[in-house]
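Asker: Each chain is listed here by its residues.
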Amino acid sequence: MKGFTFHKPRSLKEALAMLKEADGKAKIMAGGTDLLGAMKDGIMQPERLINLQEIPDLANIRPDNDRLHLGALVSLHEITVHPSIQKRFGILAQAAQEVGSPQLRNMGTLGGNLCQRPRCWYYRGDFVCLKRGGDQCFAVTGQNKYHAVIEGGPCFIVHPSDTAPALLAMDASVRIAGPDGEKIAALEKFFMTPRDNVTRENILEPDQILTEIMVPLPREGSRGIYLKARERRCWDFALASVALLLNIDDGICQEIRLVLGGIAPIPFRASKAEEVLKGKPIEIELIDQACRMALSGARPLASNAYKLELTQALIKQALLTLSNK
Amino acid sequence: MKEKEGNKKGKQLSSVSRREFIKGLGAGALGTAALSGGIIALKEAEAHPAEESLEEGIKIPLRLKINGIRYKVEVEPRYTLVDVIRDQLQLTGTKKACDRGECGACTVLLDGKPVYSCMTLAITAAGRDIMTIEGLASGEELHPIQQAFLENDAFQCGFCTSGQIMAVNGLLKQNLNPSREEARNALAGNICRCGTYTRILEATLDASQRLRKGGGNRG
Amino acid sequence: MLPNASGKVVVTVGRRVKTRVEEEGKIEEINVELPHEDLPPWEEKNLVWVGKGIPRVDGFEKCTGKAKYTYDIHLPGMLYGKILRCPHPHARLIRLDTSKAQRLSGVKAILSQENAPPIPWYNDSFLFDRTLRCVGEEVAAVAAVDEYIARDALDMIEAEYESLPFVVDPEEALRPGAPPVRPGGNLLDGKPIIYSRGEIEQGFDEADLIIEENFSTQVQAHACMETHGSVVNWEGDHLTIWESTQGVSDVREGMAKALGIPISKVRVIKDFMGGGFGSKTREGKYTVIAALLAKMTGRPVKLMLDRKEEFYATGHRPSSLQYVKAGVKKDGSLTAIYLRSIGACGAYETPLFPSKFSMIDALARPYRELYHCPNVKTEVYPVYNNIPVHTAQRAPGHVEGTFALEQVMDQAAHQLGMDPIALRMKNYALKDQVEDFPYTRKALDQCYQKGAEKIQWEKRNKKPGEKKALICEGIGMAGQIWGGGGGPPAYAIIKINQDGTANLLTGTQDIGTGSKTVFVQIASEELGISPKDITITLGDTETTPYAPRSSGSRTVPSVGPAVRSAAADAKRQLLDLAGSILDSKAEDLAIREGQIYLKNNPTRKIPLKEITQKMGNNMIMGVGSRGPNPPQAAINVFGAQFAHVAVNTATGEVRVLKVVSIHDAGRVINSMTLNNQIEGGIVQGMGYGLMEEVIWDKGTGIMLTPNLHAYKLPTMLDIPEVVPGVAEGSDPANNIGAKGIGEPPKIPTAPAIANAIYNAIGVRLKELPITPDKVLRALKI
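These protein sequence lines are chains A, B and C, in that order. Following this note's numbering, the numbering of the first sequence begins with 1 at its first residue and continues without gaps. Following this note's numbering, the numbering of the second sequence begins with 1001 at its first residue and continues without gaps. Following this note's numbering, the numbering of the third sequence begins with 2001 at its first residue and continues without gaps.
It should be emphasised that the hints constitute simulated quantities derived from the structure, not laboratory data. Don't take every hint at face value.
[Claimed, not checked] Listed below are the simulated DSBU-like cross-link pairs for lysine-lysine, each with C-alpha atoms no more than 30 Å apart in a straight line:
hint	chain 1	residue 1	chain 2	residue 2
1	C	Lys2295	A	Lys2
2	C	Lys2698	A	Lys145
3	A	Lys272	C	Lys2774
4	A	Lys316	C	Lys2780
5	B	Lys1113	A	Lys2
6	C	Lys2532	A	Lys325
7	A	Lys316	C	Lys2468
8	B	Lys1173	C	Lys2068
9	C	Lys2532	B	Lys1213
10	B	Lys1065	C	Lys2068
11	A	Lys145	C	Lys2780
12	C	Lys2066	B	Lys1113
13	A	Lys316	C	Lys2295
14	B	Lys1065	A	Lys27
15	A	Lys325	C	Lys2066
16	C	Lys2100	A	Lys25
17	A	Lys316	C	Lys2698
18	A	Lys2	B	Lys1213
19	B	Lys1072	C	Lys2068
20	A	Lys27	B	Lys1213
21	C	Lys2468	A	Lys2
22	B	Lys1173	C	Lys2100
[Claimed, not checked] Okay, the calculated beta carbon distance ranges per label pair:
hint	chain 1	residue 1	chain 2	residue 2	range
23	A	Gly134	C	Ile2210	49 to 55 Å
24	A	Pro56	C	Glu2160	34 to 40 Å
25	C	Glu2044	B	Ser1179	50 to 56 Å
26	C	Glu2158	A	Ser11	28 to 34 Å
27	C	Pro2183	A	Ile43	50 to 56 Å
Cβ coordinates follow ideal geometry from the N, Cα and C atoms, glycine included.
All chains should be modelled from the sequences, with the hints used to inform the complete structure.
Answerer: Below is the structure:
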């Protein structure tokens, strides 16, 4: 790891000032579990590191009447054990539980989990790929069993976050602070595909900080589930994952939000599958149809077509579980 | 180096942090907010006026509280906690095996919670309670977790054992009576290449029983 | 009998005989002296310490963090070494500029081809070579005052390379016109390694059923938790090396040779080490580099590889492609077995196992030995490719070969409508068919039977995949054969102290298996002294007599008999002394639990301590050596494993629920450490079967998995319930009746899992590792 100057702001205001002053040469650190690894691997070599860990307000969990406010520095572990999150925002607690390992959940933060860089083994390896300023995506002709089956190109990373699909399924939004003040963005608008910008995965500018995640309280009777398929049971990223929020009333699907992880460069909202079910009675035939529609338009690479079946299987399992079929 | 200064103050080490620091000063943009916020490198810089040489870096004095003992060390911002406790303080019970937060050999407790010390900057551990394997036994008397590991043969080569025991200790501080499933989940962040997991799990449940009989985990 | 300069004890009175010794399947005939006494087997009913599951004698150190590994050695003034490695799969180094790095404050030395002696390494290469044949080859090294500076210095070295054509895929490497990895063609020695007995074609003609299948196995990393490395210190011309190694004597000899210094000037110490699994059998380039850097700077140097280097530069289990054809009659008897296999050497030959001993050929051994079959032919193509060199890994070859062979047997049983165990019993080999020797003991039948009971074999699906469900369960089994008989030379010394305690010295090492404890138990048993009163010293070439490297599951059966022999020698002297003091004949006396008593009247006894106190400074020193193996006999470890799995047919995820593992390893010395070995072997075997894989990018020769998240080791959440066990009884092969258990449990794990998956879903998985993508693909076909 190259040397850097270490900054320890005590307030968000200070942090923003430091970030602006650094003019793109600084990185902010939350839990550090992704950033430090990337720095050790030489993927990032910031001249300055701005540590957010001692800004007290950023680690608060604050429920209000209609939503939950989660500071970006709330640890993933806290999310998994917080009683009201477990009770009212179960998908998030489940997803957070699937992240990394116990130690990483103690260290890692929710904001960090949303902003982590991809785990593509070319990006993380000794390759000057598109994302690192090169001129090719090595996965296209290389080893691509873990890569994107949809929304890929020119770069084929998958978004590695477990909490992002869960939060997206709950229609969360994020608060972003920058030199010109704050703004709130729907999480759905937060992530960027490689087509939008191949060097980053979200809309955060170098002088901005993600400060808070806001999750609306699901309507009464809604149920949620997060399912993740993986090669080992701990410290593994999703081959595919499914976050589903479902509200069934009188046997009719009133609300459905279905978000897929591990298959696209962004947490992928399967709107076509949602359309199949919304406003209709949940029946096996429709579930099967929704599964088929979920990834329509997918274009798998040489070694990742299995993700299509795998994702469909997870969606089906999620729908069957939540509709008590 | 207990309770005394470690290396001589100041300048050693790499070009990079020094250069960054000088650049930072040269830019002249460190506003008052930043100053009061405590840019550690800047404080150090005031004590050691900038030199032209790019070959030397800056070390920052740091106090670490480990196993209840206060240590003074000098670190560069990039030093990880595991490197400082091993190389400077020679508390070598904690191991570094992957250096990426992927194996758990470096697990220590930070304010009572298991963390990977290879992914923790030493500078961020100042003022917090750090516990390493060396803090568990009292003299020759093993802590019940250690006794359970010994009697259940919960290791082979032993290289991951310190980290495993600290993960168990972290668990049994939070939950003195974990179920088998809870224990499995809590200990999944520690790799044992020799494959002694079943024994580690049995030792954990055994230790839990011993601790409950003995009135809690004071480790 | 005194240790000579090489550390080997010269037995001045013994007769010398020739004996057959096996290591990792490599069989050699060596000349060995006979021990002074041919000890009869222990009497089972009288055993006090042998067989007990006592906690390890070094458990305290391991539980408290006090155990000192090479990685923990810290010497005053110590520097840190780091190695610059080649980023290209095949290249010529044309320029190296270290001047910037030299000027970095804190850098004390830089070593490269420019200033290092041309020490030969691998085939015809050197410690630092201008031609580099894989990513990760050593280009230069630095020593600096700390690790951070050493890394900074590496970044400041400028190296320029001329790229050469390269080939990563082993099949491509064999094709005509493939880029040459090295002069002389990409096939090792220019020809396949062929073994043949009987008439293979005639065998197939006699068969009622022919099974033909292709299998592939991946590269597996050792992934030792403690990376390879050394701490090196020169005191004048005396070199001390702390090395994370499985063989202190091998490192000593290798370093003396590499540096051109006398063996007597080199001391190698390994107290604790964090895993080897076959990869730490000799000195590494890093050891030599550390010694040279230490010489240049006049300061101790610590050079530990980082995790990425550990993946690149310490060897791996080679990949294989296996085409298998087997013929069976309707009654199940095998008529012919044919194997054609391609294995990837990497850029070099692995030094310990050259040419016909190539570890690439090791996978053919189970085909030749596991079953009775008159017509067998194996044809193995070891091929050079531009990846790092492979090496031995826990049961080399047998793990890969058994994966394929045992699935073929399972398939044959299925197609013949036979119970897979019955098919195996039908082809039960009563002798070693390669050497034409009888086995000293083979209790594989007992292993089949015991294992079948414990897994409830009758509960398997009668028809594979007969139950259609989201989660399908199945039970499968596989057997194994391994060497593990051990042999000479190995030596031990026991010193009896005035207070009745003893020191046991032997030049072996405990690589985590528990051998320290096992040897103390053996000495205790023979001497009649409690284990707590015996202190063992090993892993130090200066203070102990020679014992072999810990490989091939040989440590207990090689060194254990020497320890017993030393203890018997000490006991004889003790009883002589006791006899003279007590005015009785030595042969009328015995020792048990610290008491010397009259054999014919055990109530007449005196504490051992009272006798030893009278010794004053006279010494009792028992010396023991490992005797020869029985002539004209094969010594092997056998075993059977049974797996119970659950397959999610929608996601392709496989969970191993339970593994029953029963082995014939002869006498058990410590039941707890033995079970631990079995359990650990199964965890590694399951990792191999389901998730571990080193993957290269074929377009660049760069490894995609050089870290512990992309390379997936099993965690606490992945492992099955394990039921370990052994076949009763001891093996007459040596004076302690024990064989090795380190490697065997790993061998049949992956095929047992694959056969269980077949039993669950009726689909055969022939490529390792069996990840969800492969299961889903197989289910689709």
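Asker: All hints are to be evaluated individually against the structure, with a verdict given for each.
Answerer: Right, here's what the structure says about each hint:
no.	hint	in the structure
1	C:Lys2295 <-> A:Lys2	29 Å, holds
2	C:Lys2698 <-> A:Lys145	14 Å, holds
3	A:Lys272 <-> C:Lys2774	28 Å, holds
4	A:Lys316 <-> C:Lys2780	18 Å, holds
5	B:Lys1113 <-> A:Lys2	28 Å, holds
6	C:Lys2532 <-> A:Lys325	63 Å, violated
7	A:Lys316 <-> C:Lys2468	17 Å, holds
8	B:Lys1173 <-> C:Lys2068	28 Å, holds
9	C:Lys2532 <-> B:Lys1213	28 Å, holds
10	B:Lys1065 <-> C:Lys2068	24 Å, holds
11	A:Lys145 <-> C:Lys2780	17 Å, holds
12	C:Lys2066 <-> B:Lys1113	22 Å, holds
13	A:Lys316 <-> C:Lys2295	66 Å, violated
14	B:Lys1065 <-> A:Lys27	28 Å, holds
15	A:Lys325 <-> C:Lys2066	56 Å, violated
16	C:Lys2100 <-> A:Lys25	25 Å, holds
17	A:Lys316 <-> C:Lys2698	36 Å, violated
18	A:Lys2 <-> B:Lys1213	50 Å, violated
19	B:Lys1072 <-> C:Lys2068	24 Å, holds
20	A:Lys27 <-> B:Lys1213	49 Å, violated
21	C:Lys2468 <-> A:Lys2	56 Å, violated
22	B:Lys1173 <-> C:Lys2100	51 Å, violated
23	A:Gly134 <-> C:Ile2210: 49 to 55 Å	51 Å, holds
24	A:Pro56 <-> C:Glu2160: 34 to 40 Å	52 Å, violated
25	C:Glu2044 <-> B:Ser1179: 50 to 56 Å	41 Å, violated
26	C:Glu2158 <-> A:Ser11: 28 to 34 Å	44 Å, violated
27	C:Pro2183 <-> A:Ile43: 50 to 56 Å	38 Å, violated
When each numbered hint is compared with the structure, violations occur for hints 6, 13, 15, 17, 18, 20, 21, 22, 24, 25, 26, 27.
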